[in-house]
Amino acid sequence: MFAPRDPDEYLLGTERRVIRVRRHWSSLIWDILEAGALLAGAMMISYLLPDNAGIVQNILWYAALLVLLRLAYFVMEWWVERIVVTDKRFMISSGVFETKVAMMPITKVTDLTYERTVLGRMFGYGTLVVESAGQIQALNRIEFLPNPEQVYDAISELTFGDKKAQADRFSMIKAQRVARGKKMVP
Numbered sequence: 001m002f003a004p005r006d007p008d009e010y011l012l013g014t015e016r017r018v019i020r021v022r023r024h025w026s027s028l029i030w031d032i033l034e035a036g037a038l039l040a041g042a043m044m045i046s047y048l049l050p051d052n053a054g055i056v057q058n059i060l061w062y063a064a065l066l067v068l069l070r071l072a073y074f075v076m077e078w079w080v081e082r083i084v085v086t087d088k089r090f091m092i093s094s095g096v097f098e099t100k101v102a103m104m105p106i107t108k109v110t111d112l113t114y115e116r117t118v119l120g121r122m123f124g125y126g127t128l129v130v131e132s133a134g135q136i137q138a139l140n141r142i143e144f145l146p147n148p149e150q151v152y153d154a155i156s157e158l159t160f161g162d163k164k165a166q167a168d169r170f171s172m173i174k175a176q177r178v179a180r181g182k183k184m185v186p
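With full-length UniProt numbering, letter number 131 in the sequence shown gets 131, and the count goes up by one each step, no holes.
Keep in mind the hints are simulated off the structure, nothing from the lab.
Just so you know, even glycine gets a beta-carbon here, dropped at the ideal spot from N, CA and C.
Don't take every hint at face value.
Simulated restraints on C-beta separations [stated by the list, open to error]:
#1 E77 <-> A40: 19 to 25 Å
#2 Y47 <-> A133: 56 to 62 Å
#3 N140 <-> G161: 19 to 25 Å
#4 D51 <-> V129: 52 to 58 Å
#5 L49 <-> G124: 52 to 58 Å
#6 P105 <-> L39: 32 to 38 Å
#7 G41 <-> L119: 23 to 29 Å
Put together the whole structure using the sequences plus the hints.
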């Protein structure tokens, strides 16, 4: 009841999921470093305070607890966010307490670019820039995307590839699911 919905629940019966990923774990590095620095600062200040400063010590440790809770929230937010690419659209579902789903049809994509910094190449992430017919969409810039080349290739194939070959491939996937006994939605 309180858990966020699985992104696959937003897919139509006629859609085929191509990619489903969450942002790369390195998107959390700044939050982790910030929390570590604040906790180290709290420990240092606590160590330097005199023994008779009990109220200040308590306030300091409650502040440290808030820093940890804030970090836990960022990790939960990262965990529930999903980037899903189907044969008809791509979307990002996010939100711990309030679910948000941003979606853009594949047919609206006019230009696709991916960028990788040196750190991105070392850790395996990049940025995908999606442009559509003169509009700025909610999915304009997707940062910390793992394996951006594969996502780029998949979206390029869906957007600019042979539609007949895609339909044949989708029919084959449908046949394989039926053969394995998986229920297909009409």
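Consistency of the hints with the structure:
no.	hint	result
1	E77 <-> A40: 19 to 25 Å	holds, 24 Å
2	Y47 <-> A133: 56 to 62 Å	holds, 59 Å
3	N140 <-> G161: 19 to 25 Å	holds, 22 Å
4	D51 <-> V129: 52 to 58 Å	holds, 56 Å
5	L49 <-> G124: 52 to 58 Å	violated, 43 Å
6	P105 <-> L39: 32 to 38 Å	violated, 45 Å
7	G41 <-> L119: 23 to 29 Å	holds, 26 Å
In the structure shown, a violation is registered for the earlier hints numbered 5, 6, in ascending order.
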